[in-house]
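The listed protein sequences derive, respectively, from chains A and B.
Numbering of the first sequence is given in this note's numbering, commencing with residue 959 and proceeding in unit increments.
Numbering of the second sequence is given in this note's numbering, commencing with residue 959 and proceeding in unit increments.
Each statement offered as a hint is correct.
Copies of the same chain look alike in the list, so a pair counts if it fits in one copy or across any two.
No more than 30 Å apart at the CA atoms, straight line, and that leaves these computed lysine-lysine pairs for DSS-like:
hint	residue 1	residue 2
1	Lys1024	Lys1088
2	Lys1146	Lys1088
3	Lys1088	Lys1034
4	Lys1235	Lys1034
5	Lys1024	Lys1034
These are calculated hints, taken from the structure and not from any lab test.
Residue strings, one per chain:
2 protein chains.
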Amino acid sequence: MSDQVTIATGDLRRLAAAALTAAGAQAAQAAATAEVLVESDLLGITTHGVQRLATYCQRLRQGGIKAAAQITVERKAPSLALVDGDSALGQAVALTALESGLEMAAETGIAYVGCRNSNHLGALAPYGLKACEKGFLLVGGSNAASTMAPWGGREARLGNNPLAVAAPCPEAPHFLLDMAMSVAARGKVRRAEREGRPIPEGWALDAEGRPTTDPAAALAGFLLPFGGHKGSGLSQAVDLLAGVVTGARFLTDLSSGIGHLDRPSGSGHFFLLIDPKRLLGAGAYAAAVSRFRALVQETPPADPAAPVRIPGQRQQAQRAKALRDGIELPQDLLARLEALAAGAPD
Amino acid sequence: MSDQVTIATGDLRRLAAAALTAAGAQAAQAAATAEVLVESDLLGITTHGVQRLATYCQRLRQGGIKAAAQITVERKAPSLALVDGDSALGQAVALTALESGLEMAAETGIAYVGCRNSNHLGALAPYGLKACEKGFLLVGGSNAASTMAPWGGREARLGNNPLAVAAPCPEAPHFLLDMAMSVAARGKVRRAEREGRPIPEGWALDAEGRPTTDPAAALAGFLLPFGGHKGSGLSQAVDLLAGVVTGARFLTDLSSGIGHLDRPSGSGHFFLLIDPKRLLGAGAYAAAVSRFRALVQETPPADPAAPVRIPGQRQQAQRAKALRDGIELPQDLLARLEALAAGAPD
Chain A
959 MSDQVTIATG
969 DLRRLAAAAL
979 TAAGAQAAQA
989 AATAEVLVES
999 DLLGITTHGV
1009 QRLATYCQRL
1019 RQGGIKAAAQ
1029 ITVERKAPSL
1039 ALVDGDSALG
1049 QAVALTALES
1059 GLEMAAETGI
1069 AYVGCRNSNH
1079 LGALAPYGLK
1089 ACEKGFLLVG
1099 GSNAASTMAP
1109 WGGREARLGN
1119 NPLAVAAPCP
1129 EAPHFLLDMA
1139 MSVAARGKVR
1149 RAEREGRPIP
1159 EGWALDAEGR
1169 PTTDPAAALA
1179 GFLLPFGGHK
1189 GSGLSQAVDL
1199 LAGVVTGARF
1209 LTDLSSGIGH
1219 LDRPSGSGHF
1229 FLLIDPKRLL
1239 GAGAYAAAVS
1249 RFRALVQETP
1259 PADPAAPVRI
1269 PGQRQQAQRA
1279 KALRDGIELP
1289 QDLLARLEAL
1299 AAGAPD
Chain B
959 MSDQVTIATG
969 DLRRLAAAAL
979 TAAGAQAAQA
989 AATAEVLVES
999 DLLGITTHGV
1009 QRLATYCQRL
1019 RQGGIKAAAQ
1029 ITVERKAPSL
1039 ALVDGDSALG
1049 QAVALTALES
1059 GLEMAAETGI
1069 AYVGCRNSNH
1079 LGALAPYGLK
1089 ACEKGFLLVG
1099 GSNAASTMAP
1109 WGGREARLGN
1119 NPLAVAAPCP
1129 EAPHFLLDMA
1139 MSVAARGKVR
1149 RAEREGRPIP
1159 EGWALDAEGR
1169 PTTDPAAALA
1179 GFLLPFGGHK
1189 GSGLSQAVDL
1199 LAGVVTGARF
1209 LTDLSSGIGH
1219 LDRPSGSGHF
1229 FLLIDPKRLL
1239 GAGAYAAAVS
1249 RFRALVQETP
1259 PADPAAPVRI
1269 PGQRQQAQRA
1279 KALRDGIELP
1289 QDLLARLEAL
1299 AAGAPD
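Looking at chain A on its own, in the form it has when it is part of the complex (with noise of 0.2 Å):
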């Protein structure tokens, strides 16, 4: 384990924003990208956070994230986009269509924006908090490379889906819910197979479609979506309105971000957005919403020391510490970051 230091917000976003430009990509869209990767950082989600520069700037560099891309927005209809990632970063393509769902919702009070042709684009949640901020409802999700095979298959044809529901309360923390589709990560899997350890069973099939608690079984078979039928059924339909609705690749026609650096994804993403101040009025959703959160938060506890939480409250306390206190990172990934924005190859 390398030792942990701190590093103020600001100063971490400068330092990602960097690295991006320095393997190529535009200031603007490797400013979207750092905005997205350190709030996750802040929120404490940080396998999506700035560990994942030094993929970027390699897919960057073999031409999988395309540096000159052109993301265009083309609107439908008044409450209906759809943008055009041309390969840019995920999280500047995601960026581009949340802004412009928030701008037609505030309008209309509603949007759909799907995407294209785009990347890897991060966590959820921070698209999420930050609709929240905004006053708006955020249904979201993307799609991804294959590692779940269909509800009775024996084949990876589905990807981990992420989706991504979002409701803004007066004050934070907002209702935050932000969650993939397999029982467990691929990367805890990995993290099994090199500590040497089994896997608990019903996370994963081997490569014949049987259960195992192999991990190196596991990885040459698939992840075990989480409710069996449901959450294989709850991935398509992720892949359903992030994919094949919007003209991106879908289910094993994606490339993975990982595997093929030189390969666009061609992922798919999607955001709904609802205005509740159109449907009741600020004063009665604020009312209302308040209420819903107290009345889960004041669930009698099955373990009295750990109050029960609304989704996402955890990472949204973590995120108010971060921000006074500097956001915590492993050494080496710091020196890793410094290196890449002083443009040391990947």
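Chain A is fixed; fit chain B onto it per the hints.
Relative to the frame of chain A, chain B by itself:
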């Protein structure tokens, strides 16, 4: 077990409507409800079909469902509407909302319709199928009386809120996902209790929040959400979209439609409708969704005798058969419906 009898779809629909009007329902609301209930039976979702009629008739007579209800639609924006159900039959409220949403989405490409002051709306699949047959994508949900604890809690505060996602294909079967949020339905726990069998681990907690395999302890306690914190979060997300932003009741404020026959449930529902042709064009969407369906269906199956299906495929095959051959019902259920239609007290 009662013998099975077969009845034609139109005959069952007329019988169901007659039972409801005999209990005081207005003709149009009875017909809408009969349509949705029989559609559930056609799809093989018998738990949400005409077997619910006896309870609905009791609720109509005792006032939990308002016989003289006036359902009103208030358009809030070109693509936003709220329906006030005035405590009518939930299917009549939901079908009004769906039709209004389909009209709006045909105009603008997208619509959100929320319902408040509603009652049990049955299964979501029939609404999804109707949207698909008109060429629209549907995301829909409803809240329900509390039967689950939020993750980490030991008191039932969440409903087993169903969520549906439906996407039209050029020809059936359409993609038709309709899922509730518990690992197993409460009805299955009741059956285990009647039959003196333990329930599997992971279905439920006892009243103290401890895992149990005793069905009686489970019924005194609460159901577990599928996927742990994920199903718990998703149940809350559905309630936010169906209950909070519609002005409906939510969480523990909802009244159970079974426990209190004289009390309106105050349920909330929502439908989101999107016209995929407005995003992609009819031809490109048809090609993409057909390829999507084939990629899922052609996954090599774990069991060679059980091909991989898309969500709702089995139900739609069952529906085609029932439309051709008639709907099978237990003899005693048919006799009960005939008695209700003849004005027998429930």
